[in-house]
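Here the protein sequences line up with chains A and B, keeping their order.
So that you can map any letter, position 92 of the first sequence is 92 in this note's numbering, and since no number is skipped, the others follow by simple counting.
So that you can map any letter, position 165 of the second sequence is 165 in this note's numbering, and since no number is skipped, the others follow by simple counting.
Everything labelled a hint here was simulated from the structure, so no lab data went into it.
It cannot be assumed that every hint is accurate.
The list cannot tell twin chains apart, which means a pair is met if one copy fits it or any two copies do.
[Said to hold, decoys possible] 25 Å max Cα-Cα, derived DMTMM-like pairs, lysine to aspartate or glutamate:
id : residue 1 : residue 2
1  : Lys187    : Glu115
2  : Lys164    : Asp99
3  : Lys131    : Glu169
4  : Lys139    : Glu169
5  : Lys131    : Glu188
6  : Lys53     : Glu136
7  : Lys187    : Asp99
8  : Lys139    : Asp99
Number of protein chains: 2
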Amino acid sequence: MSIAPWRNAIARALHRNRSLVYARYLQLATVRSNGRPANRTVVFRGFLEDTNKLKFITDDRSEKVDQIQQQPWAEVCWYFPSTREQFRISGCLTLVGWDNFDPVLQQSRTTTWQELSDAARIQFAWPHPGKPRRMEEQKTFILPQPDPMQPLANFCLLLLDPVKVDHLELRGEPQNRWLYCYDDQQKEWFIQAINP
Amino acid sequence: MSIAPWRNAIARALHRNRSLVYARYLQLATVRSNGRPANRTVVFRGFLEDTNKLKFITDDRSEKVDQIQQQPWAEVCWYFPSTREQFRISGCLTLVGWDNFDPVLQQSRTTTWQELSDAARIQFAWPHPGKPRRMEEQKTFILPQPDPMQPLANFCLLLLDPVKVDHLELRGEPQNRWLYCYDDQQKEWFIQAINP
Chain A
1 MSIAPWRNAI ARALHRNRSL VYARYLQLAT VRSNGRPANR TVVFRGFLED
51 TNKLKFITDD RSEKVDQIQQ QPWAEVCWYF PSTREQFRIS GCLTLVGWDN
101 FDPVLQQSRT TTWQELSDAA RIQFAWPHPG KPRRMEEQKT FILPQPDPMQ
151 PLANFCLLLL DPVKVDHLEL RGEPQNRWLY CYDDQQKEWF IQAINP
Chain B
1 MSIAPWRNAI ARALHRNRSL VYARYLQLAT VRSNGRPANR TVVFRGFLED
51 TNKLKFITDD RSEKVDQIQQ QPWAEVCWYF PSTREQFRIS GCLTLVGWDN
101 FDPVLQQSRT TTWQELSDAA RIQFAWPHPG KPRRMEEQKT FILPQPDPMQ
151 PLANFCLLLL DPVKVDHLEL RGEPQNRWLY CYDDQQKEWF IQAINP
């Protein structure tokens, strides 16, 4: 696999925005079973090994897991504040849960778990996300740290395999915008400058 | 109309993040005609008069206009960096173009145009967004400023009428999350604390 041509632009944006911790936060849109969109912030966890797939994590009890199982297509919108540029990345999502038998993906799921902070890991031990909160039971959130080596069963690695990347630079004069499209037959990325 | 209960939380977040110009930027998810999601950054332009509708602007030549005409349901994801909180707002979109005959909405469209900066207004005079860019024709972007009083025909006001607001505070211990749902029969908002 070769590094996709849009990877350079992402690497540059990450570097130039490195002082902002939230430059690694982006918004993931999926589609609900009723055909309406859903949208939430997720954290970019790097690329999967020697692929162009973006890594995220999720709890298999979260609503997005059901949405993805029904409609795996997604679009992330990634805005970089310091450099005033946006990437819109469309592609197909893959969930890697405890029951995924691909050894490479399972290893990556484990490594991703090990790389998390304690604060990130403990959230997977919390009560069911999105369910009514029992305020009198504050203690349900006070838990021993889970094993830092072995992921909890509800921990999922989430992979986005891009097929289209729309890169907009607001700082240009007028502005610059490029569209990268993957041609599945030629196994190649094509780039085009488009109007902003 | 009464001010929805989640409006206070938004007002507080906007105030506490006021030093960041991009705290007014949020991500709007819609659904494409092929059933896949689309996602892009838009700028919050305030609330419509004495309603709880969020105002945005768009060019009627942009792809989202076709998407909205087919599927008006949307979800915006609004992340506030300084206070580390997120609002996910679901609702129905309304496009207000030059041919909308509601006098209140048309007046609001005109006022929104008048409140834009020159840099924002000129973009509506640019060549068709998303079409291949003719690099030799840089001059197609060098144009006289449009009339600051009278909107160009392709300028649209875009309104989001929320029915569900999911507010997550990452800073709490553990974290705090509230769900606001509008009950269409009782014409009232209901609030519930939910697990983060």
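Structure-based check of all given hints:
1. Neither within a single protomer nor between protomers do Lys187 and Glu115 lie at most 25 Å apart by alpha-carbon distance, with minima of 32 Å and 47 Å respectively.
2. In this assembly of identical chains, Lys164 and Asp99 lie within 25 Å of each other by CA distance neither inside one copy nor across copies; the values are 29 Å within and 34 Å between.
3. In this assembly of identical chains, Lys131 and Glu169 lie within 25 Å of each other by CA distance solely across copies; the values are 16 Å between and 40 Å within a copy.
4. Proximity of Lys139 and Glu169 under a CA criterion of 25 Å is satisfied inter-copy only: 19 Å between copies versus 47 Å inside one chain copy.
5. In this homomeric assembly, Lys131 and Glu188 come within 25 Å of each other (Cα to Cα) only across copies, at 21 Å, whereas the closest approach inside a single copy is 44 Å.
6. Taking the shortest Cα distances, Lys53 and Glu136 never come within 25 Å of each other, neither inside one copy (42 Å) nor across copies (35 Å).
7. Proximity of Lys187 to Asp99 under the C-alpha cut-off of 25 Å is found in neither arrangement, the shortest distances being 30 Å within a copy and 45 Å between copies.
8. For a Cα distance limit of 25 Å, the shortest separation of Lys139 from Asp99 qualifies neither inside one copy, at 30 Å, nor across copies, at 57 Å.
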